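Enquirer: Top to bottom, those sequences are chains A and B. Start counting the first sequence at 1; every next residue gets the next number (our numbering). Start counting the second sequence at 1; every next residue gets the next number (our numbering).
For the record, the hints were derived by calculation from the structure and aren't laboratory data. In this text the structure is predicted, and so the values were computed from the model without any measurement. Be a bit skeptical, because a hint or two may be false.
[Said to hold, decoys possible] Here are the computed lysine to aspartate or glutamate pairs in the EDC-like style, where the Cα-Cα straight-line distance is at most 20 Å:
| no. | chain 1 | residue 1 | chain 2 | residue 2 |
| --- | --- | --- | --- | --- |
| 1 | B | Lys132 | A | Glu60 |
| 2 | A | Lys125 | A | Glu151 |
| 3 | B | Lys133 | A | Glu151 |
| 4 | B | Lys133 | A | Asp21 |
| 5 | B | Lys112 | B | Glu102 |
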Amino acid sequence: MSKILPAGTPAPDFTLHVTPDQTLSLKELRGRPVILAFYPADWSPVCGDQMALYNEVLPEFHRFNAELVGISVDGVWCHAAFSRDRNLHFPLLADFEPKGAVAKLYQAFRDGDGFSERALFVIDKNGTIAWSYVSPVAVNPGADGILEALENLPK
Amino acid sequence: MANLRVPVGPTDHAQGPADAPVTLVEYGDYECPHCRHAHTIVKALQKRFGSQLRFVFRNFPLREIHPNAEAAAETAEFAATQDKFWEMHDRIFEKQQDLSDELLLDLAKRLKLDAQELARALETGEFAERVKKDFSEGVRSGVNGTPTFFINGQRHDADFELDTLVRAITEASM
Numbered sequence: 001m002s003k004i005l006p007a008g009t010p011a012p013d014f015t016l017h018v019t020p021d022q023t024l025s026l027k028e029l030r031g032r033p034v035i036l037a038f039y040p041a042d043w044s045p046v047c048g049d050q051m052a053l054y055n056e057v058l059p060e061f062h063r064f065n066a067e068l069v070g071i072s073v074d075g076v077w078c079h080a081a082f083s084r085d086r087n088l089h090f091p092l093l094a095d096f097e098p099k100g101a102v103a104k105l106y107q108a109f110r111d112g113d114g115f116s117e118r119a120l121f122v123i124d125k126n127g128t129i130a131w132s133y134v135s136p137v138a139v140n141p142g143a144d145g146i147l148e149a150l151e152n153l154p155k
Numbered sequence: 001m002a003n004l005r006v007p008v009g010p011t012d013h014a015q016g017p018a019d020a021p022v023t024l025v026e027y028g029d030y031e032c033p034h035c036r037h038a039h040t041i042v043k044a045l046q047k048r049f050g051s052q053l054r055f056v057f058r059n060f061p062l063r064e065i066h067p068n069a070e071a072a073a074e075t076a077e078f079a080a081t082q083d084k085f086w087e088m089h090d091r092i093f094e095k096q097q098d099l100s101d102e103l104l105l106d107l108a109k110r111l112k113l114d115a116q117e118l119a120r121a122l123e124t125g126e127f128a129e130r131v132k133k134d135f136s137e138g139v140r141s142g143v144n145g146t147p148t149f150f151i152n153g154q155r156h157d158a159d160f161e162l163d164t165l166v167r168a169i170t171e172a173s174m
């Protein structure tokens, strides 16, 4: 598994497509906590996969005023279809061109596989990584670690 | 390794003796096909381990992908107030493919429960808090999809096929 960027590191800024004609930059979210959830791919063949789970937990993330974004190497059209199918209420970013560039910035890219780790980052409102975690690629990390990290953020 | 944050207690729905050497907790969703499959596996485990196993079911409805899951969970909780949780639990899974409000009301009638009372409870969300409590606690314990199993308080990260669970339960009982 990768050695992903640890807590205390300034979160590298990036700009990625969130829809075919819209982009999102990390710095636009400054001022509130951000949860970056890197995951290998859309359409994993299980119910309640990681993104579907986070979709259900969204109200709890919002209690901390936190913004959740999912990131994978899938393209915008794939994300759009996946998001519609699963009824997702948070943005999915396409780390598509050059492939995995943002995952690489966060040291969460799996060379050889061509997709990212299941890596989670909680970034504080000033843009510093407060918590990071990488799960074995076959194990959905759940949301408990994220909630605990949000709780531990200085008020 | 994720651990069950909320120990099994008197408000849980449990089958099997409280002092069984192994307690298996499932967080599940009545509309999830994997949980339907797990339901048959759990039945086989109960048959195999008998009084050595206590089984507990907690609600984890994924409402955005399963539009009937919440009503089904609330219906089972409604049945529980009249000591018919497990009867309802089994029937809902058996009829999963036809899940709808009408089916839930029909199942209530068949179990000689007051269907009108159930309709009112679903309307007012009388059991919504209970279901939400299971869900939130599950998230805190590291439930990461459905079904998620905990064996003696530890999340079971391997698959939930019969052989795998038999091995894991046997190990936990030693």
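Enquirer: For Lys133(B) and Glu151(A), compute the direct alpha-carbon distance and say whether it is at most 20 Å.
Expert: 19 Å, holds
Enquirer: Hey, Lys112(B) versus Glu102(B), does the alpha-carbon distance stay inside 20 Å?
Expert: 15 Å, holds
Enquirer: Given the hint that Lys133(B) pairs with Asp21(A), does the C-alpha gap stay at or below 20 Å?
Expert: 40 Å, violated
Enquirer: If you draw a straight line from the CA of Lys132(B) to the CA of Glu60(A), is it 20 Å or shorter?
Expert: Holds, at about 12 Å.
Enquirer: Within 20 Å, alpha carbon to alpha carbon, are Lys125(A) and Glu151(A)?
Expert: Given pair Lys125(A), Glu151(A) holds - Cα atoms ~13 Å apart, limit 20 Å.
In terms of the numbered hints stated before, the structure departs from hint 4 and from no other.
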